[in-house]
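Enquirer: Quick mapping for you: the protein sequence lines, in order, are chains G and Y.
For the first sequence, my numbering assigns the number 1 to the initial residue and increments by one for each residue that follows.
For the second sequence, my numbering assigns the number 1 to the initial residue and increments by one for each residue that follows.
Rather than coming from a laboratory, the hints here were simulated on the basis of the structure.
Watch out, some of these pointers could steer you wrong.
Said to hold, decoys possible - Incomplete in silico selection of chain G near chain Y, CB under 10 Å:
no., residue
1, Ile5
2, Cys8
3, Arg110
As the list claims (entries may be wrong) - If you anchor each label on the Cβ, the simulated ranges turn out as follows:
no., chain 1, residue 1, chain 2, residue 2, range
4, G, His97, Y, Pro40, 46 to 56 Å
5, Y, Glu184, G, Asn263, 34 to 44 Å
6, Y, Pro115, G, Asn263, 24 to 34 Å
7, G, His97, Y, Arg111, 46 to 56 Å
8, Y, Arg123, G, Glu401, 51 to 61 Å
Ideal placement from N, C-alpha and C gives every residue a C-beta, glycine not left out.
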Amino acid sequence: MWKSIKNCELVNLKELEPLLITQLREEILDKLHSGGRLLALFCDRNIHFIYCIIALDKHSQLMMGCAFIHGAAEYESLTQHFPACEMFERELFETTHIRPLNHPNLKPLRNHSNPFLFHQVHSKEVHEVGVGPVHAGIIEPGYFRFNALGEKILHLEIQLGYQHKGIEKLFEDFSKQGRGLHLEPLAEAIVGDSAIAHTLAYVHAIESLCKLKVPKRAQHIRTLALELERIGNHLGNIGDILGDIGYYLGKDAFIALKTEVINAMLKICGSRFGISLISVGGVNYSLADDFVQELAELLTRVKHNAKVYFKIHVTENSSVLSRLEGTGIVTLQDAMNHGFVGLTARSCGMDLDVRSDYPCGVFQEYPIKNTLFENGDVFDRTVIRFVEILHSIEWIIQDLERYTTSESREIFLHNSSSTHYLANHCVVSLVEGWRGEIMHCVLTDDNGHFERYKIKDASFNNWNALPLAVYGEGISDFPLCNKSFNLSYSGHDL
Amino acid sequence: MKNLLINTVVHRKQAIKDNSKAVLHSKFIGLPMILKNRDPQDELCCEKLCLNGAILLSPFRIDLGKCSFCKRCSIAFPKLICFTSHHKLSATSREMLIIDDTCDNESYEKRAILPLKSKIFKRSLSLRSVCAGGNGACEAELNACFNVNFDAGRYGIKMVASPRHADGIIISGPITGNMAVALEKAFEATPNPKLIILLGCDAISGGVFANSKNLNRSFLDRNIPTLYIPGAPPHPQTIIHGIMKMLDRV
Numbered sequence: 001m002w003k004s005i006k007n008c009e010l011v012n013l014k015e016l017e018p019l020l021i022t023q024l025r026e027e028i029l030d031k032l033h034s035g036g037r038l039l040a041l042f043c044d045r046n047i048h049f050i051y052c053i054i055a056l057d058k059h060s061q062l063m064m065g066c067a068f069i070h071g072a073a074e075y076e077s078l079t080q081h082f083p084a085c086e087m088f089e090r091e092l093f094e095t096t097h098i099r100p101l102n103h104p105n106l107k108p109l110r111n112h113s114n115p116f117l118f119h120q121v122h123s124k125e126v127h128e129v130g131v132g133p134v135h136a137g138i139i140e141p142g143y144f145r146f147n148a149l150g151e152k153i154l155h156l157e158i159q160l161g162y163q164h165k166g167i168e169k170l171f172e173d174f175s176k177q178g179r180g181l182h183l184e185p186l187a188e189a190i191v192g193d194s195a196i197a198h199t200l201a202y203v204h205a206i207e208s209l210c211k212l213k214v215p216k217r218a219q220h221i222r223t224l225a226l227e228l229e230r231i232g233n234h235l236g237n238i239g240d241i242l243g244d245i246g247y248y249l250g251k252d253a254f255i256a257l258k259t260e261v262i263n264a265m266l267k268i269c270g271s272r273f274g275i276s277l278i279s280v281g282g283v284n285y286s287l288a289d290d291f292v293q294e295l296a297e298l299l300t301r302v303k304h305n306a307k308v309y310f311k312i313h314v315t316e317n318s319s320v321l322s323r324l325e326g327t328g329i330v331t332l333q334d335a336m337n338h339g340f341v342g343l344t345a346r347s348c349g350m351d352l353d354v355r356s357d358y359p360c361g362v363f364q365e366y367p368i369k370n371t372l373f374e375n376g377d378v379f380d381r382t383v384i385r386f387v388e389i390l391h392s393i394e395w396i397i398q399d400l401e402r403y404t405t406s407e408s409r410e411i412f413l414h415n416s417s418s419t420h421y422l423a424n425h426c427v428v429s430l431v432e433g434w435r436g437e438i439m440h441c442v443l444t445d446d447n448g449h450f451e452r453y454k455i456k457d458a459s460f461n462n463w464n465a466l467p468l469a470v471y472g473e474g475i476s477d478f479p480l481c482n483k484s485f486n487l488s489y490s491g492h493d494l
Numbered sequence: 001m002k003n004l005l006i007n008t009v010v011h012r013k014q015a016i017k018d019n020s021k022a023v024l025h026s027k028f029i030g031l032p033m034i035l036k037n038r039d040p041q042d043e044l045c046c047e048k049l050c051l052n053g054a055i056l057l058s059p060f061r062i063d064l065g066k067c068s069f070c071k072r073c074s075i076a077f078p079k080l081i082c083f084t085s086h087h088k089l090s091a092t093s094r095e096m097l098i099i100d101d102t103c104d105n106e107s108y109e110k111r112a113i114l115p116l117k118s119k120i121f122k123r124s125l126s127l128r129s130v131c132a133g134g135n136g137a138c139e140a141e142l143n144a145c146f147n148v149n150f151d152a153g154r155y156g157i158k159m160v161a162s163p164r165h166a167d168g169i170i171i172s173g174p175i176t177g178n179m180a181v182a183l184e185k186a187f188e189a190t191p192n193p194k195l196i197i198l199l200g201c202d203a204i205s206g207g208v209f210a211n212s213k214n215l216n217r218s219f220l221d222r223n224i225p226t227l228y229i230p231g232a233p234p235h236p237q238t239i240i241h242g243i244m245k246m247l248d249r250v
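Work out the full structure, taking the sequences as your base and the hints as a guide.
Expert: Shown next, in the form of structure tokens:
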């Protein structure tokens with residue numbers, strides 16, 4: 001029995017009738033054949049059930065199904081038919097030890113207790129290059145193994161898991177101590193540069209479970225912060241892409257702009273990353289009237305400068321264009337097969353954006369413009385960032401007007417009478433972070449504690465895009481391709 | 001071309017003339033102050049509220065090494081704790097990070113950092129960053145220290161690509177089990193004499209991840225850090241001030 005739900009809609013777990021694993025597998029295949037997208041595949045804490053969530057993006061619906069494990073030791077893998085399931089099945093195998101048969105790449109995802117066996121190319125001409133886990137730059141750890149033929153990359157294999165901190169388990173443990181309502185600091189620490197997006201996903205889930213209705217004004221501030229985070233990070237990314245081709249003048253111009261934006265976030269909540277802004281029930285800080293004015297002016301200036309800089313440093317700069325155009329192509333077919341999300345998917349023509357597909361909060365009333373590009377190369381991933389920056393700025397400036405004219409001044413729900421969340425329920429909350437779709441799924445047990453807290457960052461889907469993009473490129477273009485996705489290691493490893 | 005030149009000239013100025021005199025925006029969440037005349041009941045509730053366990057009881061103190069500066073304690077108990085915008089938070093010993101109600105901005109700044117006795121790093125310090133489970137925020141702020149705005153490079157502080165070129169390592173993140181070996185190797189590869197700088201509350205104490213079973217913090221049992229930089233993530237000015245003060249240059 002599958003339950004059809006919307007973003008942030010409650011499901012009573014008792015109404016969810018478990019199937020057998022083989023049945024569940026057949027039905028997942030059916031749904032994927034008819035255009036569904038696998039969103040999550042995970043087991044509960046005690047490894048009794050497998051839960052599956054499938055997104056039907058065209059209908060803005062999520063389908064949830066579950067199956068008994070019942071001592072089952074194996075099943076025919078989904079990955080052999082749908083490569084998009086690869087990571088999900090590897091993750092499920094690592095936690096449950098139920099073997100997906102005929103899985104093409106059943107390697108450990110986060111567990112490093114056994115040595116990782118890399119693919120090898122047997123040839124005298126091919127040489128292997130290993131990079132990591134400590135990188136030359138100031139970034140997170142991960143290991144990359146290249147098989148290169150001369151300068152060309154024949155194959156890249158990525159081993160992650162160095163960042164694994166057991167965040168999902170911490171959510172569950174804290175909830176057992178009765179602190180499930182106040183885990184914002186933990187949600188903020190999942191991915192540092194997407195602190196707002198992850199915290200939003202967490203608070204949306206909890207507010208649904210507690211049936212809290214957040215004041216309108218708080219919703220405006222939350223969405224505004226989400227878009228501000230997107231603008232800041234996209235600006236920084238464009239700068240970093242320029243930096244990775246050795247064009248530091250362009251880099252510095254964009255990084256200086258980014259600093260202005262994230263410093264504006266500091267003026268809202270005291271942290272450049274939006275830490276401490278959002279809490280269950282509302283937001284902790286209001287925007288003063290003069291600050292609203294200041295923010296609008298700042299964003300208008302940023303918009304103008306971004307346009308000028310982008311013209312000078314990217315679109316009219318032939319040496320930059322020659323490095324970006326046609327480099328690191330991900331095709332639409334690959335993106336659909338591998339289930340990429342977020343701006344990686346949009347840059348190759350896949351229309352996927354939680355803000356328009358599963359709108360929540362302010363986006364329901366005031367939709368944001370959506371952009372699609374077709375080529376899927378580094379250049380498109382750069383331009384899509386730029387276009388999204390402009391759209392977000394336009395949206396924020398319009399929203400600031402709505403914000404000042406709204407009547408209610410309430411930003412926090414103080415009469416939290418129902419601070420107990422529902423027992424035996426489940427909620428799936430989706431948020432479009434700047435990398436892409438972020439999912440938090442909460443299952444509660446008989447006592448109302450978290451039975452399971454499942455997190456999926458956009459990076460989890462998108463890490464497979466990097467090997468596809470660098471295939472056949474020179475090793476020297478690897479940093480550029482990597483930066484054009486700028487995926488989170490921490491969001492993958494959790 | 002003309003535009004390019006104009007653009008270059010516009011950016012050819014030091015965004016922050018002197019980092020040591022920089023004052024952060026009044027909203028910045030900096031050094032907390034414990035207020036006097038507290039209600040013991042509030043103290044108990046406040047201690048329970050903190051996810052990181054940064055609040056210590058009898059007497060009531062705050063451990064900056066555990067605090068993630070989320071300000072939620074101050075929002076819930078405004079009569080107990082207030083956060084100032086003072087960003088000079090770094091300290092050279094773990095005990096200094098624990099503050100009580102007698103501590104204020106000036107006294108904290110005065111005693112928190114004991115400059116290095118040796119002068120060999122004073123004019124030039126090369127550091128290697130090792131991220132051992134950090135979530136990207138501390139790394140982003142460390143990167144920001146060297147961008148056009150904060151420009152720590154002007155003081156002769158730089159980040160290098162290999163531990164073999166470094167005078168010390170900066171550790172960010174709570175040190176996961178999977179990174180323990182790599183961290184050890186990076187530290188071994190650094191030539192003596194060498195420094196260890198812990199960046200962010202995750203690195204100092206494990207922060208919000210302190211209770212996770214996937215951490216392996218034994219590296220810190222065997223090695224003594226030189227500098228602790230609190231914050232989650234610390235502001236670039238906090239990082240720059242901490243390092244400069246340690247080098248006895250402010």
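Enquirer: It remains to establish, for every hint, whether it holds in the given structure.
Expert: Each hint, compared with the structure:
A hinted interface residue such as G:Ile5 counts as satisfied when its beta carbon comes closer than 10 Å to some beta carbon of chain Y; here the least separation is about 29 Å, so the hint is violated. The beta carbon of G:Cys8 is not positioned within 10 Å of any beta carbon in chain Y (closest approach about 23 Å), and the interface hint is therefore violated. At a threshold of 10 Å, the smallest CB-CB gap from G:Arg110 to chain Y is about 8 Å, leaving the interface hint in force. About 50 Å separates the C-beta atoms of G:His97 and Y:Pro40, a value consistent with the hinted range of 46 to 56 Å.
In this structure, Y:Glu184 and G:Asn263 meet the distance hint of 34 to 44 Å, their C-beta atoms being roughly 37 Å apart. For Y:Pro115 and G:Asn263, the hinted distance range of 24 to 34 Å is satisfied, since their beta carbons lie about 30 Å from each other. Separated by about 54 Å at the C-beta atoms, G:His97 and Y:Arg111 satisfy the suggested range of 46 to 56 Å. Take Y:Arg123 and G:Glu401: their Cβ atoms lie about 53 Å apart, and the range 51 to 61 Å holds.
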